[in-house]
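Peer 1: So the sequence lines, in the order shown, correspond to chains A and B. For the first sequence, UniProt numbering assigns the number 1 to the initial residue and increments by one for each residue that follows. For the second sequence, UniProt numbering assigns the number 1 to the initial residue and increments by one for each residue that follows.
Hints are not guaranteed to be accurate.
Which copy? The list can't say, so a pair holds if one copy fits it or any two copies do.
Computed list of lysine-lysine pairs in DSS-like fashion (alpha-carbon distance at most 30 Å, straight line) [claimed, not checked]: (1) K243 x K201; (2) K29 x K12; (3) K69 x K29; (4) K176 x K201; (5) K138 x K193; (6) K28 x K69.
Hints were generated in silico from the structure; no laboratory data involved.
Number of protein chains: 2
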Amino acid sequence: MDANNSYQAEKKYYETQASEEAFLEWYKKQSRPTYDTPSVTVDMVLFCYNREQDELKILLIKRNSHPFKDSWALPGGFVRRDEATADSCIRETFEETNVRITHQNIEQLHTFSRPDRDPRGWVITVSYLAFIGEEPVKAGDDAKDALWFSLNRSGDTLVLSDNAQKDIMIDLPSGKNLGTEKLAFDHAEIIVKAFNRIANKMYHEPQVLRVLGEEFTITEARKVYAKFLGIDYREIDHSNFKKALLDYFVEVSERATGVGRPSKIYRLKNED
Amino acid sequence: MDANNSYQAEKKYYETQASEEAFLEWYKKQSRPTYDTPSVTVDMVLFCYNREQDELKILLIKRNSHPFKDSWALPGGFVRRDEATADSCIRETFEETNVRITHQNIEQLHTFSRPDRDPRGWVITVSYLAFIGEEPVKAGDDAKDALWFSLNRSGDTLVLSDNAQKDIMIDLPSGKNLGTEKLAFDHAEIIVKAFNRIANKMYHEPQVLRVLGEEFTITEARKVYAKFLGIDYREIDHSNFKKALLDYFVEVSERATGVGRPSKIYRLKNED
DNA sequence: TCAATAGTGTCTCTCAGACAATATCCT
DNA sequence: AGGATATTGTCTGAGAGACACTATTGA
């Protein structure tokens, strides 16, 4: 206790009496942690869209180690020293799934900190959101598998599906897993947060359309929006949709392939 | 190296071979930290409004210990084990300033993680935003002072002022301190983030009006909005303003005091 | 009665949404 | 030619913003 008292006195001296330089020098010499510190992880909610299948997709990995071994989870992992969390997120996504994201299309979502959200102990996670044109994935060392799951909204339920996998179902209002196949940690909640955020912002920040890659047609954009609204794309009027979003688009070229009148091709305007 | 190799083998065994129960038991016995972990703090951006002075205010504390001793800073501090960050934020705000916040009017803002944002080393901060009717403040043990600073927007500059203190100036586009009086850490950036967030959302999420306490008049609400727009409140048309926001209000009573026709009193409707 | 304050009403212009018409391609 | 797909154009009703008017109070 005496030792502790003298440590406290010393601490107080450096914190309040000494110069800032002296304080920092002293501080760095201390081995005892001033406070108990949590681990910090990042999680990435990454969306893409497949034109042929008309499917909105979300990237998941299968965990190959405890906890939640063999469960599906968002890509992510521990933040390293000298890394901003956005960088960790980009790095981990690449390591686990071989998908390269840039700072352009990454957006911070929310930080989840329930003290019991990780069975290993105290782990806080900073979640991110991004959109990318569909890319091949390849599970890295840290993951047993990596897969684009189709994501469909049916009323208040999100259904994540893949032919070879059991469906994962999430209740939108509560953010809870519904079926037997459960996502790791609180990742269902994170996905719901991302989904709602996108649906709310899409009409004034159409970054979602990056799932279509650089270029897209009005109808393709309608299809993507329809996925977030949980409706058929034909319920979104072509003319009105175009009027609402044309300010964010730049026309780049004319024709395309396929049946019917060729569509014009657009890009997203650069950041406002 | 041999010791380390065998540790790695053991780790791999528990992570990938053993049962989850066995893994967790093993995990909790480990003394060596699996990863280097950052400290995590919270910061609170708290706004209020003083009717007599017609001033929007923000709560700052004067730091009484290094680093940034004697600088003004947002209330906040280290997150403790078994605490969600929102709880830490409420606790620290109370400890440092004697102001009680509830979960009702607290909203997560952003997590700041630049690795060099704290001279002590690796510290990540989760920032929060809240509104409260004006309350007396009293500096706690951790702070040398606690004060409501008036906040005025003049073009692209935020000016934080108090009669007895030097003005603090922040450039809105860059989030940088302008004058000689500088805020601690990256707190200028956090305040700018909060300010912009409020200004963007005010017309469809008028939670800002909680700075007026429970009840308020249309004109009082206009005055608060004008502060965020950096204009005189008379530039906001009474009639149009009311039309735009009436859906979020409930009329509670009629008359008030003062010169002129008595105003009606409103409350915010409960959460949608 | 006048100035100050606040609430109510009106006019116009714009925009969102429903729907109709036209254009271009494939078979 | 006919069906499919996409673009362009029109009509209407609701809402935003400018502005004028009325109501209530204190001096």
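Peer 1: Does each hint hold? Answer for all of them.
Peer 2: Going through the hints against the structure:
no., hint, verdict
1, K243 x K201, "both (17 Å within a copy, 23 Å between copies)"
2, K29 x K12, "within (15 Å within a copy, 33 Å between copies)"
3, K69 x K29, "between (39 Å within a copy, 20 Å between copies)"
4, K176 x K201, "both (23 Å within a copy, 28 Å between copies)"
5, K138 x K193, "within (26 Å within a copy, 37 Å between copies)"
6, K28 x K69, "between (38 Å within a copy, 17 Å between copies)"
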